[in-house]
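Q: What follows is each chain in one-letter form.
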Amino acid sequence: MPSPIVNRYAVHFNLPEEGKVPHIIGQEPSLLMAVESCLKAHRSTGHTDFVIEDTGKGRQFLVTRDRLLRLIYLRHNDRPRYFEILNRLDRDGDQDELASFLVEHAPI
Amino acid sequence: MVLEQKALVEAGRTNDLGYKSFRLGGYEFERNAYFTVIHYPGGEYHMPVGEFLRAVQRDIGWNFFYGMVKFDQVFGTFNFYDNGVDMFLGKYNDAWQKSGKAYSEMFQNERISATFKAILEDWVPPDFNPWAAPRETGSPFGRKRGGPHPAIFRKRIVTTTMIKDQRTDKTHPVNEAFKDIRGREGEMKIKPEYAERFGLLNLYEYLARNDVTWNPEIVSAVEYSLFCPTTEEYILPITHGNDRVEWFLLLNGQISMEIRDRDTGTLLAYLHMKPGDCTAMPADISHNLWAPERSMLLVWENGNPELPELIRLGKTPTAPLEEFGLK
Chain A
-14 MPSPIVNRYA
-4 VHFNLPEEGK
6 VPHIIGQEPS
16 LLMAVESCLK
26 AHRSTGHTDF
36 VIEDTGKGRQ
46 FLVTRDRLLR
56 LIYLRHNDRP
66 RYFEILNRLD
76 RDGDQDELAS
86 FLVEHAPI
Chain B
22 MVLEQKALVE
32 AGRTNDLGYK
42 SFRLGGYEFE
52 RNAYFTVIHY
62 PGGEYHMPVG
72 EFLRAVQRDI
82 GWNFFYGMVK
92 FDQVFGTFNF
102 YDNGVDMFLG
112 KYNDAWQKSG
122 KAYSEMFQNE
132 RISATFKAIL
142 EDWVPPDFNP
152 WAAPRETGSP
162 FGRKRGGPHP
172 AIFRKRIVTT
182 TMIKDQRTDK
192 THPVNEAFKD
202 IRGREGEMKI
212 KPEYAERFGL
222 LNLYEYLARN
232 DVTWNPEIVS
242 AVEYSLFCPT
252 TEEYILPITH
262 GNDRVEWFLL
272 LNGQISMEIR
282 DRDTGTLLAY
292 LHMKPGDCTA
302 MPADISHNLW
312 APERSMLLVW
322 ENGNPELPEL
332 IRLGKTPTAP
342 LEEFGLK
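Note that the protein sequences, when read in sequence, are chains A and B. Residue 29 in our numbering sits at position 44 of the first sequence, with consecutive numbering throughout. With the second sequence counted from 1, adding 21 to any position gets you our numbering.
These are calculated hints, taken from the structure and not from any lab test. Treat the hints with care, since some could be wrong.
[To be verified] Partner residues are not named here, just some residues of chain B that face chain A (Cβ under 8 Å, in silico):
1. G46
2. F101
3. G105
4. D107
5. Y113
6. F128
7. T285
Predicted, not measured: the structure shown is a model, and the values here were computed from it. C-beta: ideal position from N, C-alpha, C; glycine also.
Taking the hints into account, I'd like the entire structure generated from these sequences.
A: Rendered as structure tokens:
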């Protein structure tokens, strides 16, 4: 545990200078759970920049401060859309799609 | 409240047999005389309708339970509590994973819950009780003939201290299989000012009068320590994938168990339990049970909400013996 086949999302802190911190802070089975892992780490540490790696599909999602705040906004104000985008990206898509969706639906 | 519930459900057309279809995200559920057909973006999947309805009933009755509820080796739900419920097809099945057929989608608890309840209300026939053993109820098959059976609205007993009232003939007659196993209540003499704080109840008598199968109900709770006894007969309608260590103590009858790896479904072991046997299950397995005769099983759960996270991060042991520092 956790199985890398199912828990394919690895969550890392991201530092402005050094980039991705190698240590994994969470291993999750879906993008939604990986984002929840970022939010949890944000609540407990105040850190705002993360990298989510999809080891199964070789993708990477950069969760910057701006994106994190928009995700929090969406989570609180429009839960169906929050589920919609993360479910969609779980199957297919990239971080540009996440960014444009957040700009459109989470105006902060 | 009723209107809110309805807004969460996307019901489709009624087919020639009288059953509605239901859409939930990328899934669409329809039933025919014998099968449930689950359409999803990768194709469709079929399950015998009786097995499907028994599984939906448990999933709803337990509010998606602890961790994974597999309806069979392919389809099921994974409870992530406040974060939602993941509905999956093949995600926790080695062959489906490797063939790239696996699909999953996370839903808010309220939405998946409302859809499953609507499915039960529309699809369960009036003479088919999904909680009952096969010998005790009618057939789930055929065209719509009214319904649903009132047992689908039964509420799970979840006490926060302990149950104190014994069941009686009026509401809970002794099950046919337990006519010869009767418990006798003990005696409790207690000062009136302490009456609220103590209780005494014969568990054998209580379970002999149980009106459902495969339904662990919380009869006592001490912080996170939950005693969930249940009566079992025939096959557990779901395979439970643990997200925490779980203990079983068989009080009578017999139960066999099939243990698999939770994430791949790979078979790991068979167990045959006799009365008095106790098993402690690791947090990374799934188990299915079958009982050739009506049996009483005590399930002991740790209800600590932080456990799944600690286990996912590898911060707490997955094997029961390791919790006590043993190997």
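Q: Each hint: holds or not?
A: Do the hints match the structure? See the list:
The criterion of a C-beta within 8 Å of any C-beta in chain A is met by G46 of chain B, whose closest approach is roughly 7 Å, and the hint holds. Against a cut-off of 8 Å between C-beta atoms, the interface hint on F101 of chain B holds, since the closest Cβ of chain A lies about 6 Å away. At its closest, the beta carbon of G105 of chain B sits 7 Å from a beta carbon of chain A; the interface hint therefore holds under the 8 Å criterion. At its closest, the beta carbon of D107 of chain B sits 6 Å from a beta carbon of chain A; the interface hint therefore holds under the 8 Å criterion.
Because the smallest distance between the Cβ of Y113 of chain B and any Cβ of chain A comes to about 6 Å, under 8 Å, the interface hint for this residue holds. A hinted interface residue such as F128 of chain B counts as satisfied when its beta carbon comes closer than 8 Å to some beta carbon of chain A; here the least separation is about 7 Å, so the hint holds. Against a cut-off of 8 Å between C-beta atoms, the interface hint on T285 of chain B holds, since the closest Cβ of chain A lies about 7 Å away.
Comparing the model with each earlier hint shows no violations; every hint is respected.
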